[in-house]
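Visitor: Construct all of the structure, not just a fragment, from the sequences and the given hints.
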Amino acid sequence: MNLAEALQQIRDAEMGTPASSETSFDLLCGFTPLHLEQLLKARLYQRDLRAPIRFRHGINGDLTGSLEMTCGEIDSELSFVIVTWEDLDPRLGLRQADGRPSLSDDIFKTATWRLRQIKQGVAARAERHPVILAMPNAPALRFASTSPSQANTLELQLQAACAEASLDLALIDRVRLVSPPQAVAPCDHYDPRADLRFGIPYSVTYFDALATNLARLAIPMNLPLRGLITDLDDTFWRGLIGEIGADSVSWSLEKRSHSHALYQQLLRTLEEMGILLAIASKNDVSVALEGLLRSDCLVSADTFYPQEIHWNPKSESVARILKTWNISADAVVFIDDSASEIEEVQRAHPNIHAYRFPTGDDASVLKLLATLRDLFAKSHILESDRLRAASVRAGTPLELDEASDHEAFLAATHGKLRIEVSMEPDNRAFELLNKTNQFNLNGKRLSEKAWMDLLKAPDIRLLKASYEDKFGSLGKVGILIGRKEETNFTVTQWVLSCRAFSRRIEHAMLLALFELWKPETLRFDYRATERNQALTRFLEEIMPDKPGALSMLRRSDFSQACPPTHLSVHLNHEPS
-15 MNLAEALQQI RDAEMGTPAS SETSFDLLCG FTPLHLEQLL KARLYQRDLR APIRFRHGIN
45 GDLTGSLEMT CGEIDSELSF VIVTWEDLDP RLGLRQADGR PSLSDDIFKT ATWRLRQIKQ
105 GVAARAERHP VILAMPNAPA LRFASTSPSQ ANTLELQLQA ACAEASLDLA LIDRVRLVSP
165 PQAVAPCDHY DPRADLRFGI PYSVTYFDAL ATNLARLAIP MNLPLRGLIT DLDDTFWRGL
225 IGEIGADSVS WSLEKRSHSH ALYQQLLRTL EEMGILLAIA SKNDVSVALE GLLRSDCLVS
285 ADTFYPQEIH WNPKSESVAR ILKTWNISAD AVVFIDDSAS EIEEVQRAHP NIHAYRFPTG
345 DDASVLKLLA TLRDLFAKSH ILESDRLRAA SVRAGTPLEL DEASDHEAFL AATHGKLRIE
405 VSMEPDNRAF ELLNKTNQFN LNGKRLSEKA WMDLLKAPDI RLLKASYEDK FGSLGKVGIL
465 IGRKEETNFT VTQWVLSCRA FSRRIEHAML LALFELWKPE TLRFDYRATE RNQALTRFLE
525 EIMPDKPGAL SMLRRSDFSQ ACPPTHLSVH LNHEPS
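According to the working numbering, the sequence shown holds residues -15 to 560 in order.
Keep in mind the hints are simulated off the structure, nothing from the lab.
All clues stand as given, with none of them false.
Between beta-carbon pairs, the in silico distance windows are: (1) S270 / R331: 27 to 33 Å; (2) D437 / D345: 44 to 50 Å; (3) E256 / D152: 20 to 26 Å; (4) T253 / A303: 22 to 28 Å; (5) A154 / R79: 25 to 31 Å; (6) S324 / N556: 50 to 56 Å; (7) L277 / R539: 53 to 59 Å; (8) A323 / A347: 14 to 20 Å; (9) A323 / G427: 33 to 39 Å; (10) H398 / D314: 30 to 36 Å; (11) L359 / N556: 32 to 38 Å; (12) D32 / L224: 39 to 45 Å.
No experiment lies behind these values; they were computed from the predicted model shown.
Positions of the beta carbon are idealized from the N, C-alpha and C atoms, including for glycine.
Guide: Given below as structure tokens:
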């Protein structure tokens, strides 16, 4: 995107939008941000940001001073922080000619001191709202005594110091480091003319690539997907196992099929992230298992559940897998080498993310792997993700309501529910709120800034429910947020993981709420959405009237409607 295209994108996006609904960001850097501001604004609008964007800038030429500034009256959603070598020592930039080899030690000391200041400033801002941080690329010294073809000691020291600082910052919650733009050649990063005349160090091409990455981290288009269904022949391995046998299918350098090993490596990574994996393959099951059980296979056969290996249409296999996982098609990727199989599945499941595995085209395979990495990307791997995936593979019953004796079954599961009353920031709770659809009170989503502000509100209460039974632990499965009033309690947000349905956890959470704060009446900020039928059905079961906006539930009515939960409930915190 060039500047003219960016300005047109901004005009189109801001046409007819009220200024009162604007979204504020801090854009902090030591250089003139004119080009970056326009390109970043355009890229943010491309991420479906509806409100007009307002950037607040810091002190011109003083990044560390800008980081120390408070946001004042502006309630910024997040900070974009762009660090250049000039921010660490002006002698590292084009606009000063004071550097020389004899000053290398002094320049390095100044740079490390400034890095410490930047780390402190970023960490302080991260306590208030998220920080998207771009660190400088490899330095290019003009006063080094070595040839440009030879690495200079100061250059290496600066890179090492920046790498160490980047690692420290990446470990801070709510700090996200931007990967250097890969699509721009290093020789195209800098714009000497613009830098010397206007203090704009980078080219428009580089600024646009940087703005694209900044916008992606600030506003993810979708939450991470939750499951992947893979074919086997010419996808998981090279070759048709039914024709050439298990010993002849390959994923090796020697057989020129190593791209399949890289695909297996990605699947193993997804498994460690807690992503659900399943197989949909047209094969004889005994033959396919011979390949999956080979000792050199990079992914264990029992990682995949369910394994739909037969000759029936793959759309039927996908339907059964989705039912077993209890998630919708739009949260799942389907991978197959056959375009016809992909079309057949997409006709039945139009919302599924389907990709053809480009067998024999190594470059295209690498592009596919990068796409999959982006679709499943997580800033944090939570233990609860792995627990849920493990419970699926263990065959934990999903549809308990279909048990012949439901009450006896629930009692026999020995379910334990731990309810925590805590306003501490929690990545899993934030993730649940923003990705749960079926049992969701109103479908409202929160930005990280709004989530952090909510946790500081004095009248807000937060319940977190974790569940385990004889089949294993599901980890944190329920989040309820509400506002405590004198004799009432208003539930503003409430979600329950689909993995926890039919265990009467929702009943137990309301029982805990009544016990903790003793309200006479509950009010629910309910709104029907396209996908929250599970929550709607629950409210219909416990309420005397049809649920609507700010529906009310009296304690006496709930006591009559609530069945036995068969849960051992532990409350680990006394209410305030």
